[in-house]
Amino acid sequence: MAARYDRAITVFSPDGHLFQVEYAQEAVKKGSTAVGIRGKDIVVLGVEKKSVAKLQEERTVRKICALDEHVCMAFAGLTADARIVINRARVECQSHRLTVEDPVTVEYITRYIATLKQRYTQSNGRRPFGISALIVGFDYDGTPRLYQTDPSGTYHAWKSNAIGRSAKTVREFLEKNYTEEAIATDNDAIKLAIKALLEVVQSGGKNIELAVIRRSQPLKILESKEIETLVAEIEKEKEEEAEKKKQKKAT
Amino acid sequence: MALLDICRHQDWKAILTPFGAQNFSVSCGSEVTCDEFKVPVGVDPSTFMNTLSKNDGKLKLQFNHGTTTLAFKFQHGVIVAVDSRCTAGKYIDTQYFKKVIEINPYLLGTMSGSAADCVYWERVLAQHCRIYKLRNKEEITVSAASKLLSNMLAGYRGMGLSIGSMICGWDKKGPGLYYVDENGTRLSGNMFSTGSGHSYAYGVMDSGHRYDLTVPEAYDLAQRAIYHATHRDAYSGGTVNMYHVKQDGWIKVSQEDVGELYQKYLFKRK
Numbered sequence: 001m002a003a004r005y006d007r008a009i010t011v012f013s014p015d016g017h018l019f020q021v022e023y024a025q026e027a028v029k030k031g032s033t034a035v036g037i038r039g040k041d042i043v044v045l046g047v048e049k050k051s052v053a054k055l056q057e058e059r060t061v062r063k064i065c066a067l068d069e070h071v072c073m074a075f076a077g078l079t080a081d082a083r084i085v086i087n088r089a090r091v092e093c094q095s096h097r098l099t100v101e102d103p104v105t106v107e108y109i110t111r112y113i114a115t116l117k118q119r120y121t122q123s124n125g126r127r128p129f130g131i132s133a134l135i136v137g138f139d140y141d142g143t144p145r146l147y148q149t150d151p152s153g154t155y156h157a158w159k160s161n162a163i164g165r166s167a168k169t170v171r172e173f174l175e176k177n178y179t180e181e182a183i184a185t186d187n188d189a190i191k192l193a194i195k196a197l198l199e200v201v202q203s204g205g206k207n208i209e210l211a212v213i214r215r216s217q218p219l220k221i222l223e224s225k226e227i228e229t230l231v232a233e234i235e236k237e238k239e240e241e242a243e244k245k246k247q248k249k250a251t
Numbered sequence: 001m002a003l004l005d006i007c008r009h010q011d012w013k014a015i016l017t018p019f020g021a022q023n024f025s026v027s028c029g030s031e032v033t034c035d036e037f038k039v040p041v042g043v044d045p046s047t048f049m050n051t052l053s054k055n056d057g058k059l060k061l062q063f064n065h066g067t068t069t070l071a072f073k074f075q076h077g078v079i080v081a082v083d084s085r086c087t088a089g090k091y092i093d094t095q096y097f098k099k100v101i102e103i104n105p106y107l108l109g110t111m112s113g114s115a116a117d118c119v120y121w122e123r124v125l126a127q128h129c130r131i132y133k134l135r136n137k138e139e140i141t142v143s144a145a146s147k148l149l150s151n152m153l154a155g156y157r158g159m160g161l162s163i164g165s166m167i168c169g170w171d172k173k174g175p176g177l178y179y180v181d182e183n184g185t186r187l188s189g190n191m192f193s194t195g196s197g198h199s200y201a202y203g204v205m206d207s208g209h210r211y212d213l214t215v216p217e218a219y220d221l222a223q224r225a226i227y228h229a230t231h232r233d234a235y236s237g238g239t240v241n242m243y244h245v246k247q248d249g250w251i252k253v254s255q256e257d258v259g260e261l262y263q264k265y266l267f268k269r270k
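Protein chains in written order, with my numbering: chain A, 1 to 251; chain B, 1 to 270.
Mixed in with the good hints, there may be bad ones.
Between beta-carbon pairs, the in silico distance windows are [unchecked claim]:
hint: 1; chain 1: A; residue 1: Gln217; chain 2: B; residue 2: Asp220; range: 45 to 51 Å
hint: 2; chain 1: A; residue 1: Lys159; chain 2: B; residue 2: Arg130; range: 30 to 36 Å
hint: 3; chain 1: B; residue 1: Glu138; chain 2: A; residue 2: His156; range: 18 to 24 Å
hint: 4; chain 1: B; residue 1: Gln127; chain 2: A; residue 2: Thr169; range: 48 to 54 Å
hint: 5; chain 1: B; residue 1: Asp220; chain 2: A; residue 2: Thr143; range: 41 to 47 Å
hint: 6; chain 1: A; residue 1: Lys159; chain 2: B; residue 2: Gln255; range: 26 to 32 Å
hint: 7; chain 1: B; residue 1: Lys172; chain 2: A; residue 2: Ala80; range: 47 to 53 Å
hint: 8; chain 1: B; residue 1: Asp44; chain 2: A; residue 2: His156; range: 47 to 53 Å
hint: 9; chain 1: B; residue 1: Asp248; chain 2: A; residue 2: Arg88; range: 36 to 42 Å
Partner residues aside, some chain A positions facing chain B, computed with beta carbon under 8 Å [to be verified]:
hint: 10; residue: Thr99
hint: 11; residue: Val100
hint: 12; residue: Glu101
hint: 13; residue: Asp102
hint: 14; residue: Tyr108
These are calculated hints, taken from the structure and not from any lab test.
These numbers come from a predicted model, not from an experiment.
Glycine included, each C-beta is placed from N, C-alpha and C at the ideal position.
Sequences are here, hints too, so could you generate the full structure?
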């Protein structure tokens, strides 16, 4: 059945599926993991860094991009598609500043990206974008926001979410561990993002890239040294917890 | 369409639209394109208008903004006052024309110049403001509304529109007052007056305006300024319509006939 209805994007299947859109979502599931956390005064984005070839310069592949001074996004899926979406979003951010004399709200730019994606699911001769995006930032009034979009063009607000490979595992971890106390300080929120990624990333701090936005401050990408320090702290805390449990068992 | 984009070297627009359409999109993320007026291909409105305004021309059309409107900011918000006389050359069309358009409970637009142009374009502005509110779940800011209007008018620059408008309101950034005109000028300020009687109004406003006016003093100043303009300018008169824009919205303060104001201000002194 699927064979006859999955070629052209604008055709529904008899049971109401748009197969091209669903296949695009499969492409997203192949991409490297990205996680987003909304804290109280900070928003955090973490991505799994794919290992680069020996001769390749590391810095050319960036999965976390600033859309404006107060908004940034990470994606999972086809990097080339993401580049197009990011370019259009950046232009729209500046266009909004020009006509409305105000920076975009995170919801506005998410809605723009989602509308863009939807347009490509209903167009002749085009295929959907094969990316899901996590868009974070602060609004004009200081509220932190985290939104997720997917290839079908829907978007939702989240307290914290993960996309890409093993997103389900990470999301389950976050559902268990995202509490008000867990994100009480900025540092805690960053550590929670690292902990979530460590669940699925293979070899620890080297393969994690982290970016934060604090209220009224521009995007900051953490250096690998800082990440190593935080990972070491997390390992220490884990050991201490394991010790405590042992002692409890002993007594 | 995707195929159209690939064949970029051909001018498909000329083939698909028989008349040269004046296309511009109002970017509120709205992707709204306004094909308001289609102008026949080959006619350039700006050159036609130039021939009319040349001083040696046999046919001369003067676009004077025949009215007086004013607005000023002070500590308690924005006061807006306008006259209500509508003239066509030397003939008075009506003494009771509404020159303030109530865009939404927080935003007002004044009109001076061509009545038809003002009424039409400010109603289009009101439509865009309503759409903005539906899309973004918050009221449009005064700066954004005035920017929308000035961008719309800039598209018709040189084609003979005659609009001198002040957009007044109170938004999340505080009280806002912008002057927008048919050239695409857009100015933010504390005090503006437009129309053929504006110099008379400026004289009275400048001599009496302070930021820390009380509300009754501000009402008196605005009313007095419009009244004196209507007294001396032939193209202003009728009634003085006054509005006060506060933090929780505007209120209509008064509508007084200038004949009665004459009794109040000038006659008593004699």
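Structure-based check of all given hints:
1. A C-beta distance of roughly 48 Å is found between Gln217 (chain A) and Asp220 (chain B), which places it inside the suggested range of 45 to 51 Å.
2. Range check, Lys159 (chain A) to Arg130 (chain B): Cβ separation about 33 Å, and the 30 to 36 Å hint holds.
3. Separated by about 20 Å at the C-beta atoms, Glu138 (chain B) and His156 (chain A) satisfy the suggested range of 18 to 24 Å.
4. Checked against the given bound of 48 to 54 Å, the beta carbons of Gln127 (chain B) and Thr169 (chain A), roughly 49 Å apart, stay inside it.
5. In this structure, Asp220 (chain B) and Thr143 (chain A) meet the distance hint of 41 to 47 Å, their C-beta atoms being roughly 43 Å apart.
6. At roughly 53 Å, the beta carbons of Lys159 (chain A) and Gln255 (chain B) sit outside the given window of 26 to 32 Å.
7. In this structure, Lys172 (chain B) and Ala80 (chain A) break the distance hint of 47 to 53 Å, their C-beta atoms being roughly 39 Å apart.
8. Range check, Asp44 (chain B) to His156 (chain A): Cβ separation about 50 Å, and the 47 to 53 Å hint holds.
9. The supplied range of 36 to 42 Å is met by Asp248 (chain B) and Arg88 (chain A), whose beta-carbon atoms lie about 39 Å from each other.
10. Restraint check, Thr99 (chain A) versus chain B: the minimum CB separation of about 5 Å is within 8 Å; hint holds.
11. Against a cut-off of 8 Å between C-beta atoms, the interface hint on Val100 (chain A) holds, since the closest Cβ of chain B lies about 4 Å away.
12. Hint status for Glu101 (chain A) relative to chain B: holds, with the closest Cβ pair at about 4 Å, below 8 Å.
13. Checking Asp102 (chain A) against chain B: minimum C-beta separation of about 6 Å stays under 8 Å; hint holds.
14. Because the beta carbon of Tyr108 (chain A) sits about 6 Å from the nearest beta carbon in chain B, less than 8 Å, this interface hint is met.
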